[in-house]
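A.B. asks: Its first residue numbered 1, the sequence shown is counted upward by one per residue in full-length UniProt numbering.
Just so you know, these hints were derived from the structure itself, not from any lab. Treat the hints loosely; a few may be bogus.
Quick list of simulated restraints, FRET-style, between CB atoms [unchecked claim]:
| id | residue 1 | residue 2 | range |
| --- | --- | --- | --- |
| 1 | Leu70 | Ala36 | 35 to 43 Å |
| 2 | Leu70 | Gly25 | 45 to 53 Å |
| 3 | Ile55 | Leu27 | 36 to 44 Å |
| 4 | Phe23 | Thr62 | 22 to 30 Å |
Where is the CB? At the ideal position from N, CA and C, for every residue including glycine.
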Amino acid sequence: VVKGSLVGSIISNLLLVLGMCFFCGGLKYKVQRFSATGARAQYSLLLLAVLALVIPTVVLLTGERVEMELLMSRSQLL
1 VVKGSLVGSI ISNLLLVLGM CFFCGGLKYK VQRFSATGAR AQYSLLLLAV LALVIPTVVL
61 LTGERVEMEL LMSRSQLL
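Kindly generate the complete structure, drawing on both the sequences and the hints.
C.D. replies: Pasting the structure below:
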């Protein structure tokens, strides 16, 4: 349930909020300029969020039960 909520929040932020920013900016300015540094920072945060969701899922699907629980508890400490 929590993972679904996080994924929904990330997708809505990426699609809805970013799309509305593009739309509203396009109403005022015909050509928009973006900071490369800001785009790289957003990309890095998105990659970190995706990895934080994918890695535990892969571990749960591939590992043994005892090792999996130990690894998950250790990964949550980070």
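A.B. asks: Confirm or reject each hint.
C.D. replies: Hint check results:
{"no.": "1", "hint": "Leu70 - Ala36: 35 to 43 Å", "result": "42 Å, holds"}
{"no.": "2", "hint": "Leu70 - Gly25: 45 to 53 Å", "result": "49 Å, holds"}
{"no.": "3", "hint": "Ile55 - Leu27: 36 to 44 Å", "result": "40 Å, holds"}
{"no.": "4", "hint": "Phe23 - Thr62: 22 to 30 Å", "result": "42 Å, violated"}
Comparing the model with each numbered hint stated earlier shows that hint 4 is the single one that does not hold.
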